[in-house]
Amino acid sequence: MPTEAAPGDVAVGFRLTGPGTPVRLLLSELWASRRLIAVLARKDFLVRYRRTRLGLVWVVAVPLVQAAVLAVVFSSVVPRGSTGLGSYTAFVLAGMVPWAYFASALPAASTAVTDSANLAQRIYFPRLVLPLVAVVTACYPLVATLVIFLLAVLALGLGLHPELLWVVPGGLLVVGLVTGLGLFLSAAQVYVRDLRFAVTAALTVLFYLTPVIYPIQRAPERAQDLIRVLPGAGPVELFHRSVGAADPLMWRSVLAGLVWTVVFAVAGLVLHCRRDRVLADLL
Amino acid sequence: MTTAISLQGVTKQYRKYADSAGSGALGRFRTRTSTSTLTALRDVDLTISRGESVGVIGRNGAGKSTLLQLLCGVTAPTTGVVEVRGRVAPLISVGVGFHPEMTGRENIHVNGTILGLTRREVEAKLDAIVAFAELESFIDTPVKFYSSGMFVRLGFAVAVEARPEVLLVDEVLAVGDFAFQLRCFERMNEIRRAGTTIVVVSHNMNAIRGFCERSIVLERGRVVHDGTSFDGIAKYFDLASRGQSDAVEDEDEAVEVESLTLHDETGRAVSHVQYGDSVAFRLTVRARRDIDRPFQWLGIDSGTGVAVYSDARFDVELPPLRRGERASFEARLVVRLPTGDYTAGSSLHELLESPRALLLASAPRLSFYVTGRDTVHGATDLGADFGVRIEEPVR
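Which chain is which? The protein sequence lines are A and B, in order.
Mapping of the first sequence onto numbering that gives the first Met the number 0: position 75 corresponds to residue 74, and the numbering continues sequentially without gaps.
Mapping of the second sequence onto numbering that gives the first Met the number 0: position 75 corresponds to residue 74, and the numbering continues sequentially without gaps.
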């Protein structure tokens, strides 16, 4: 009989009995969706620059302007040499690379599920995919700012030295951190819509609390230990280390960053496992 | 026959939040107690075999969308089990996931990936998709420049060429032009023969009747019919003609309907009438209580389900009915319809304070056949006078 080839793999499908998905099933579906994440992230990144005349130039131009402004403002406000940390400009630029990623990717990841209501209500894929798409999308500009940072280091005459390799664990930690926080917040935000604004507000406060643009030694001594365990402190300190401006107790921040990552990733995974199939009901 | 879709005892409830937009913190806390649940589907059992095409019909709010959402897996049942074998492609408002700034080709890649195709599969099917959608010369144009028809064609082509095991179609084919609709149904028939299961949700009874042998009718979350589409459509119109009030559904028992019949001028019951005949739709009831201001509603639909006419002259006062009385209400008219089969529904209402009225009872629908004038086509026969006037005579 002239029939077309039987469609696809008949093993796929689903059996739904309640709002949850077992963690192994969810993770295997997530693994099966890895190309979907890449394709959606690439799309989300590229469509931003559609219809702009300069296109992808903006990916580099915006952080370049931001870096230049920071460099001029902070190096003129802070008395030269007062920090004992080498070039203060390099210090600020180093801190801003992970922070810029943190501050742009975290809100996007937190609202990823609610912002995709249109898609999520009509076709199923693990809802975990959505915050991960936001995490990956923000990696494109992260790479751009990293390149600018390295060029700036050269321009400031600091030279390429092995310490710069600290940006690798720094970059990985900040991506991991946003992944962990984003997994949890993306599901929680469906139930508590206030989180959208709470995250924005928290980031504003954290920018000044976290030693992004000032060395932690400048903070009151009593507060330093508390500051070290703030979520963004770990990646920021790793980046500072890359320009030779290390907090001697950097590892506390890194450890805290890992704890934030793991705790929220686990909580996020649990929440997604429990509510994966009903999140769309509330969109 | 292998089962493609199975629902066992499926109930789906949603929690309704009472809070409204802009409610402040205080308002939010106060209204929290007033959340209530809404049952969209009640105890639904359904089995669909591989390669079947099943229509889902029902009035707005009957649970059709919820059923589709369960079938594509975006929501889970509150109780019961939903099982779907194979990959599901929803054709629900096609073009979900299409980005207006991206070209047709780029959107095919993204959409294909969302539907679970690999890069290689997308590449392999790209030509077929473009050809089916007839978008060869527009495929590298951003889709925001597409007409709505082109948009639907592309969405349909991607979903169908993705060759899912289960295809869910929701009221989307109404957008394309007629020729394209025909090709869609042809293509859907092809993939169905190849083993794809198709579920169609539509208010278009022609589409349901033409494409689905089997239909289920949903009413307030329950499956009230599961059988042939022919009977399903009749059931649907029966429900639709009852109006949507749930409080009155024959439970008032103010009247008992005996019959709805069609009569010619001599009073003889008929089921076949001719253009120009004077006929009466007679609704015979017995009153169980006093009814002060009764009036009759009459609705005529074409066999394809198009409402041709409906009227209820509550402005014309009829004598009241006394308890125990038996009465025949008659709606008289001259048949001005083209050839075809029709159904008529009629119900008895009580006028409260105008314009409020209470549905007392409705009769089972009546079928009849009209032999119209040979030259007339369409939904109704308006009996135009054709003539000519020479505006500029040539000598």
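Simulated from the structure, these hints should not be mistaken for laboratory data.
It should be emphasised that the depicted structure is a prediction, and the values quoted were computed from it without experimental measurement.
Heads up, the beta-carbon is just placed ideally off N, CA and C, and yes, glycines get one too.
One or more hints might be untrue.
[Claimed, not checked] Sample of chain A residues at the chain B side, in silico, Cβ under 8 Å:
#	residue
1	R14
2	L15
3	T16
4	G17
5	P18
6	V22
7	S27
8	W30
9	R33
10	L35
11	L118
12	R121
13	V277
Structure-based check of each hint:
1. R14: 5 Å, holds
2. L15: 4 Å, holds
3. T16: Since chain B brings a Cβ to about 5 Å from A/T16, closer than 8 Å, the hint holds.
4. G17: 6 Å, holds
5. P18: 5 Å, holds
6. V22: Hint on A/V22: violated, closest Cβ of chain B at ~16 Å, above 8 Å.
7. S27: 14 Å, violated
8. W30: 13 Å, violated
9. R33: Interface hint status for A/R33: violated (11 Å vs cutoff 8 Å).
10. L35: 5 Å, holds
11. L118: Holds, because the Cβ-Cβ distance from A/L118 to chain B comes to roughly 5 Å (cut-off 8 Å).
12. R121: 5 Å, holds
13. V277: Status holds, d = 6 Å.
Checked against the numbered hints above, the structure breaks hints 6, 7, 8, 9 and satisfies the rest.
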